[in-house]
Amino acid sequence: SGPLKNMDFSVQEGGGPRILHQFTLEPPAVSFRASGEKAGIIDIEPRTGILYINGSLDWETKQVHKLQVESLDERGNKVKGPYAVTIYVEDINDNPPEFEQKKYFGVVRRNSRPGKPFMYVHAIDHDDPTTPHAQLSYSILHHFPNPYDEMLFQIDNATGAISPSRKGSYYLNPQKQDTFILVVSVKDMAGTTTNAFSSSVDVNIIVMESLWKAPPTIHIKENSTQVHPVNISRVQSNEPSVIYEIFEKEKLPRLPFSISENGDIYVTEPLDREEKDTYTFFVVSKDNTGELVDKPLQIHVVVEDINDNPPVCQQDLTVIEVQENEIGASNIGTVFATDMDKKDTLNSRLQFQIQSQEPEFPSKNLFYIQQDTGILQLTGRSLRKRDSAKYSLKVLVTDSKFKTICDVEVHVIDINDQIPIFKNSDYGNVTVAENIPVGTVILEIEATDGDEPATGSSLIIYQVKEGDPNSTFIIETDSETNRGFIKINKALDFEAMPVYNLEINATNPEPLVPNVQYNSSSLTMLKVFVTNVDEPPVFRKPVYKTEVSEDIPVDTLVMTVEAYDPEGDSVRVSKIVLKEVQGKYAQYLACGKILFFQKSYFLVEGGSQKSKAFLVLQLRDVNDNYPQIAMDYPAFFCYPVRGGERTLIQATDADEQLFYSKFTFSLADEMNARNNWEISKFNATHAYLSLKHSNFEEKVYDVPIILNDNGKPPLENRVNLKVSICKCSSENSCF
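The sequence shown lines up with residues 1 to 735 when you count with the UniProt record's numbering.
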């Protein structure tokens, strides 16, 4: 309660009758009076001054009630006022959200971009929009049908925008399912409380084929005379207001295509199929931020051929050789021509025809050409070189529009109807020493041939036909003079073959014509006598190898070598016997000075000749060296010691690694060694020596260590390792 004055009140809507305030009377006032927006339920009790609400206020009907209150005397005259009394109605969540439509319908395209809205739903709430009471949240309750474990659609909980999910963008296909029903829910209180109001609505969605499709392969005729650019196709995105662009798949000097803002594709210039017969490029759609809207489309363009290329002779002059004895209708050659127009079409189909023949003797129709293949044939009779050695033909080559003349020369080749004839049927004999070098010419022979010179019919090939089973001789032909040169092909051996009776024939590389055969005129004889030469003796092996142990006893037989004399004379061969050993690495043998580990030789004598053979003598190591301690620096520990310090020691052995690859380290049971020291293996050649306690004096200790090389046989060695316990400098070394 209180005196009359301006006052504001906040009252929650609903709630029923209630007292807001009591104004107190101040004489001479005896009553109060209220006027204004009382809504039929707001008033003041005149005598008591109680301001009350006799009912429930509704925020959705009126949010503010403005009243005027004054005090009156007994006569009803105003004493004070009017004062403003304002009642603010506070909203409560007493209205559920309502969708603007009882049912929604939408259309989505196949392959639409995920997250891109294709429709919206909208609900309203009559509660105060500045409070959570009217803050709405959308969600999808059900999805009919739902063939996958994830929803194909999604909704923006704040805006009600419905779009394909990532899975939906991939799987939506009208051929499999063209209709979906979504049950969309809306909640107030931003959907964050369990006592929020909610409503739901059905959303019918029809799935349609994507507008964004690559057109079929585009066919364009080459060398078009239309005014360019020429529209050749069109693409359309599922979304409006996109930006279309072209980018090339191939790196070309230029791409003769463009695209307009509405998706029309143009060819910008005439195309030449012979330059490039297909094009492949991509079309993309982007939004105004430059992001891709759809997957790129691959566009294929095929350039169609027109007949715009004449036939071309494959050679400026086609030369064909024909032997005199070729029979009529024989294929003698082919005239080749090409056409740059498309293969296997009428534009590139070529036909052949003989236009002229020079000379026309003995007939003007000596040749025939197959119309579609260009194969040239003789018409009826064989050619004779004495009639003409050469014929010139003009061959007309045509396609359906163009024609070309190809030049052809037919050369008549002499046939091989003459055999080689030796000038001498017997070349007597030749005497050569058995040591004559390989490649030496021992005789020149010659035959003649009556066929055309410098052809396969007249070239002569000489061969030893009989008397040379091991190919000891070879005959080379001088192609210019047709002379043959008999050469030594392999080393001669008087003892194996003192005399050769050679039968030599002469032939042509070109086959003889039928009914002509080689005879005795193409044969000649030659006798070759081989004279003896005193040759040195020969070892049975060029190199002798053996291996012996390094502890081989003196006078042990190492090996025996054998040799013989080709002439049958006696030979003397040394035997190798170990006579003297100088320590472990003996350097010499008794039979001459033959170094170990190097190639040395034996001497063998036979008649007046001597020969050598090499010896490789390899020594095998024996485990005959005891293992030793090998330290790069003195062993020491810095005084005072704490115990547990260790140093690395190394063992070595002069034998081959095979015998000392794994050493065993242990402490001898003496000098209290095992109580003071400890030894542990580090690897095959090293071990750690450690201090077992800290009670060491500053002095030099002898540590007895037993080393075993584990060889065959194993060798064991006891060594004393001197270890210093000393005061150390800052560099960790003893003073």
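Just so you know, the hints here were simulated from the structure itself, not pulled from any lab data. Do not rely on the hints blindly, as some may be mistaken.
[Unchecked claim] Calculated cross-link-like contacts (lysine-lysine; reagent style DSS-like; alpha-carbon spacing at most 25 Å):
| id | residue 1 | residue 2 |
| --- | --- | --- |
| 1 | K487 | K545 |
| 2 | K487 | K221 |
| 3 | K699 | K662 |
[Claimed, not checked] Cβ pair distances, simulated, as ranges:
| id | residue 1 | residue 2 | range |
| --- | --- | --- | --- |
| 4 | D569 | E656 | 30 to 36 Å |
| 5 | N515 | K423 | 57 to 63 Å |
| 6 | D387 | K423 | 51 to 57 Å |
| 7 | S521 | D387 | 41 to 47 Å |
| 8 | K541 | S521 | 49 to 55 Å |
| 9 | D387 | N515 | 21 to 27 Å |
Ideal placement from N, C-alpha and C gives every residue a C-beta, glycine not left out.
Evaluated hints:
1. K487 with K545: violated (39 Å)
2. K487 with K221: Roughly 71 Å separates the two Cα atoms, so the pair is violated.
3. K699 with K662: violated (32 Å)
4. D569 with E656: 30 to 36 Å: violated (46 Å)
5. N515 with K423: 57 to 63 Å: violated (26 Å)
6. D387 with K423: 51 to 57 Å: violated (33 Å)
7. S521 with D387: 41 to 47 Å: Violated, since S521 and D387 (Cβ atoms, about 30 Å apart) do not stay within the stated range.
8. K541 with S521: 49 to 55 Å: holds (52 Å)
9. D387 with N515: 21 to 27 Å: holds (22 Å)
Comparing the model with each earlier hint shows violations of hints 1, 2, 3, 4, 5, 6 and 7; every other hint is respected.
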